[in-house]
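Peer 1: Sequence:
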Amino acid sequence: SMEPKGIGALQLAFVQLKKKLSEEGLFSAELKRSIPSMPRCIGLITSSRGAAIHDLLSVLKRRFEGIPTLLFPAMVQGVHAPVELIKGLEVLNNMREFRKIDVIILGRGGGSLEDLWAFNEEIVARAIAECPIPLVSAVGHEIDVSIADLVADVRALTPSEAGELVVPHRDEFVASLA
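Each number in our numbering corresponds to the 1-based position in the sequence shown with 853 added.
It is worth saying that the hints were derived from the structure and are not from the lab. Check before you lean on any hint, since a few could be wrong.
[Unchecked claim] For lysine-lysine, the following DSSO-like pairs were computed, each having C-alpha atoms within a straight-line distance of at most 30 Å:
#  : residue 1 : residue 2
1  : Lys-940   : Lys-872
2  : Lys-940   : Lys-885
3  : Lys-914   : Lys-885
4  : Lys-885   : Lys-872
5  : Lys-940   : Lys-871
6  : Lys-914   : Lys-940
7  : Lys-953   : Lys-885
8  : Lys-885   : Lys-873
9  : Lys-940   : Lys-873
10 : Lys-914   : Lys-953
11 : Lys-940   : Lys-953
12 : Lys-885   : Lys-871
Remember, predicted model here, so these are calculated numbers, not experimental data.
Full structure from sequences and hints, please.
Peer 2: This is how it looks when you write it as structure tokens:
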């Protein structure tokens, strides 16, 4: 096999999928929905064991304690991760009316391109595009950009930033009411 000098197989696959989905309009600004200013319930899809969930829950609690969060624990890397991420979207979407889920945060902490690859799978991108609930993608660190980030309604640079984007600061919210 041959590949362009300086571009590995995964990077080439990323570029090709990005081009394909862009041409189909999946990254279009017209498709992006705003996230609610005050969510009734937040759906989370991430690993239950990683640092990302702890950071995210800490930010949510610090900013506005008491907003319900519902975690779908999913594998965030490896061959089975894409299917689990999609299952998380399906489960939370099926619960959206009953649990009043207004926004979903999908993500994980940083890692190598290989570690983050589940968020670059076409099936995950299409599931995000079809998700009826506004979705924030929070994959990796600031320098990491995934296909999930490009399809999502909002891209957060980190899982902690996702918490800041989704939940207002309680003091600011109370001041706005006054």
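Peer 1: Now tell me, hint by hint, if it's right for this structure.
Peer 2: Going through the hints against the structure:
1. Lys-940 to Lys-872: Holds: Lys-940 and Lys-872 sit about 26 Å apart, inside 30 Å.
2. Lys-940 to Lys-885: 22 Å, holds
3. Lys-914 to Lys-885: 27 Å, holds
4. Lys-885 to Lys-872: 18 Å, holds
5. Lys-940 to Lys-871: Holds: Lys-940 and Lys-871 sit about 23 Å apart, inside 30 Å.
6. Lys-914 to Lys-940: Satisfied, since the Cα-Cα distance of roughly 26 Å is no more than 30 Å.
7. Lys-953 to Lys-885: With Cα atoms ~20 Å apart, Lys-953 and Lys-885 stay inside 30 Å; holds.
8. Lys-885 to Lys-873: 18 Å, holds
9. Lys-940 to Lys-873: Holds - the C-alpha atoms of Lys-873 and Lys-940 are around 24 Å apart, at most 30 Å.
10. Lys-914 to Lys-953: Distance ~19 Å between Lys-914 and Lys-953 Cα, so the pair holds.
11. Lys-940 to Lys-953: Since the Cα atoms of Lys-940 and Lys-953 sit roughly 19 Å apart, the hinted pair holds (cutoff 30 Å).
12. Lys-885 to Lys-871: 17 Å, holds
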